[in-house]
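J.: Each chain is listed here by its residues.
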Amino acid sequence: MKIGKVTGSVWATRKADCLSGQTFLVVETSTEQLVAADQVGAGTGDLVLLATGTTAARYCLDAPIDAAVVAILDQEGKHVST
Amino acid sequence: MKIGKVTGSVWATRKADCLSGQTFLVVETSTEQLVAADQVGAGTGDLVLLATGTTAARYCLDAPIDAAVVAILDQEGKHVST
Amino acid sequence: MKIGKVTGSVWATRKADCLSGQTFLVVETSTEQLVAADQVGAGTGDLVLLATGTTAARYCLDAPIDAAVVAILDQEGKHVST
Amino acid sequence: MKIGKVTGSVWATRKADCLSGQTFLVVETSTEQLVAADQVGAGTGDLVLLATGTTAARYCLDAPIDAAVVAILDQEGKHVST
Amino acid sequence: MKIGKVTGSVWATRKADCLSGQTFLVVETSTEQLVAADQVGAGTGDLVLLATGTTAARYCLDAPIDAAVVAILDQEGKHVST
Numbered sequence: 001m002k003i004g005k006v007t008g009s010v011w012a013t014r015k016a017d018c019l020s021g022q023t024f025l026v027v028e029t030s031t032e033q034l035v036a037a038d039q040v041g042a043g044t045g046d047l048v049l050l051a052t053g054t055t056a057a058r059y060c061l062d063a064p065i066d067a068a069v070v071a072i073l074d075q076e077g078k079h080v081s082t
Numbered sequence: 001m002k003i004g005k006v007t008g009s010v011w012a013t014r015k016a017d018c019l020s021g022q023t024f025l026v027v028e029t030s031t032e033q034l035v036a037a038d039q040v041g042a043g044t045g046d047l048v049l050l051a052t053g054t055t056a057a058r059y060c061l062d063a064p065i066d067a068a069v070v071a072i073l074d075q076e077g078k079h080v081s082t
Numbered sequence: 001m002k003i004g005k006v007t008g009s010v011w012a013t014r015k016a017d018c019l020s021g022q023t024f025l026v027v028e029t030s031t032e033q034l035v036a037a038d039q040v041g042a043g044t045g046d047l048v049l050l051a052t053g054t055t056a057a058r059y060c061l062d063a064p065i066d067a068a069v070v071a072i073l074d075q076e077g078k079h080v081s082t
Numbered sequence: 001m002k003i004g005k006v007t008g009s010v011w012a013t014r015k016a017d018c019l020s021g022q023t024f025l026v027v028e029t030s031t032e033q034l035v036a037a038d039q040v041g042a043g044t045g046d047l048v049l050l051a052t053g054t055t056a057a058r059y060c061l062d063a064p065i066d067a068a069v070v071a072i073l074d075q076e077g078k079h080v081s082t
Numbered sequence: 001m002k003i004g005k006v007t008g009s010v011w012a013t014r015k016a017d018c019l020s021g022q023t024f025l026v027v028e029t030s031t032e033q034l035v036a037a038d039q040v041g042a043g044t045g046d047l048v049l050l051a052t053g054t055t056a057a058r059y060c061l062d063a064p065i066d067a068a069v070v071a072i073l074d075q076e077g078k079h080v081s082t
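Chains F, S, Z, B and X are the protein sequences, given in the same order. For what it's worth, the working numbering labels the leading residue of the first sequence as 1, then goes sequentially. For what it's worth, the working numbering labels the leading residue of the second sequence as 1, then goes sequentially. For what it's worth, the working numbering labels the leading residue of the third sequence as 1, then goes sequentially. For what it's worth, the working numbering labels the leading residue of the fourth sequence as 1, then goes sequentially. For what it's worth, the working numbering labels the leading residue of the fifth sequence as 1, then goes sequentially.
No wet-lab data here; the hints were simulated from the structure. A couple of the hints might just be wrong.
Put simply, identical chains are the same to the list, so a pair is met inside one copy or across any two.
Claimed, not checked - Subject to a maximum C-alpha distance of 20 angstroms in a straight line, what follows is the list of computed SDA-like cross-link-like pairs (lysine to any residue):
#1 K5 with T44
#2 K5 with L47
#3 K5 with G21
#4 K5 with E28
#5 K5 with E32
#6 K5 with S30
#7 K5 with Q33
#8 K5 with L34
#9 K5 with T31
#10 K5 with A16
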């Protein structure tokens, strides 16, 4: 997974039927910007874990989705030496 | 998914049988150019959501496709802080 | 999918059994060089559509293949505004 | 697979149910930073093999995971000419 | 697939059970370094074809593997115009 920060969301009136009811968050990682389906109630400013690829699709009831927010990181509990 | 802008389309007379009837749009993201199967009626200039990988293939009736346009973004309704 | 140009082919005497009978084309995209299984009779100089990932494998009878040429673009019929 | 070095770990209180009980390691490869599920007991400083994509998901009991640490490299036994 | 050159191998005593008996080669492509399961008896210096992603996993009896060496290129028989 990748670590990213939620920076906003997008709306689409015209979309594939199976995408109805999904919330799409814009997430910035250190290298790219992705749009991911939210399943954990994340909001702007949250640091999140992104799962991408087929894994994300399965997680989202087989909708045509290739990225999902699967966790909100505990920022105080994050100890990363870089 | 990635956000991209539709910049045109491509035609192919010689192609895999299972690709017949598909419309292929050229979509530019911030980092690359892709050709994606259109399932939502997008046109040149539209800002769209691209699903890539196996997810796109499944969405397109198992044709040999690795990218699909799955939504047209509401440009007024887009609130992205970058 | 990505647009690429066929620049040659490769041969391999020692290979996985399930790869026998496949033609492998070298294809250059705007960003990388790939080797793809040919299923549409493409040749050097052709502008082609490349499908990558699991999709390509399925298209090639489940051989260990991760890229396939799935269409030859009609160059006159290509209208891409960039 | 990619070779990476474990540099830390992350915690998440709010996460997808199926992620409970997983340990998530931060792993640095030569090109990027990933978060991977640990299945072999790796710790900070270990040189590890990372499997990514659907493969990692299957290895982790179908949780929404796209990267897993699948081996700890024997550093003395590593002979790589570059 | 990608073309790469075998530059060495790696050993791991602590690894996922399903990886036992696999040989892991370090392969350099034009853009990155990967570790791939060898199924064709390749050795250091060989020019090989790499299959990546789920395809590689399936080829290796569903072990948690995301890259496999699937062919050794005939270097004399390689005609690539670049």
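J.: Which holds for K5 with G21 at a C-alpha limit of 20 angstroms: within a copy, between copies, both or neither?
T.: neither (22 angstroms within a copy, 24 angstroms between copies)
J.: Is it within a copy, between copies, both, or neither that the alpha carbon of K5 lies no farther than 20 angstroms from that of E32?
T.: Classified as both; 11 angstroms inside a copy, 16 angstroms across copies.
J.: Is it within, between, both, or neither for K5 and Q33, if the alpha carbons may be no more than 20 angstroms apart?
T.: both (10 angstroms within a copy, 14 angstroms between copies)
J.: For K5 and L47, with the copy left unspecified, which applies at a CA distance of at most 20 angstroms: within, between, both, or neither?
T.: within (5 angstroms within a copy, 22 angstroms between copies)
J.: Which holds for K5 with A16 at a C-alpha limit of 20 angstroms: within a copy, between copies, both or neither?
T.: between (26 angstroms within a copy, 17 angstroms between copies)
J.: Between copies, within a copy, both or neither: which fits K5 and S30 at Cα up to 20 angstroms?
T.: Classified as both: same-chain Cα gap 9 angstroms, cross-chain 18 angstroms, threshold 20 angstroms.
J.: With 20 angstroms as the alpha-carbon cut-off, assign the pair K5 and T31 to within, between, both or neither.
T.: both (12 angstroms within a copy, 19 angstroms between copies)
J.: Within a copy, between copies, both or neither: where do K5 and E28 come within 20 angstroms Cα-Cα?
T.: both (5 angstroms within a copy, 19 angstroms between copies)
J.: Please work out whether the CA atoms of K5 and L34 approach to 20 angstroms or closer within one copy, between two copies, in both situations, or in neither?
T.: Both, since 10 angstroms and 14 angstroms are each at most 20 angstroms.
J.: At 20 angstroms max between alpha carbons, let me know whether K5 reaches T44 within a copy, between copies, both or neither.
T.: Within. Shortest intra-copy distance 8 angstroms satisfies the 20 angstroms Cα cut-off; inter-copy 24 angstroms does not.
Consistency note: the structure conflicts with earlier hint 3 alone.
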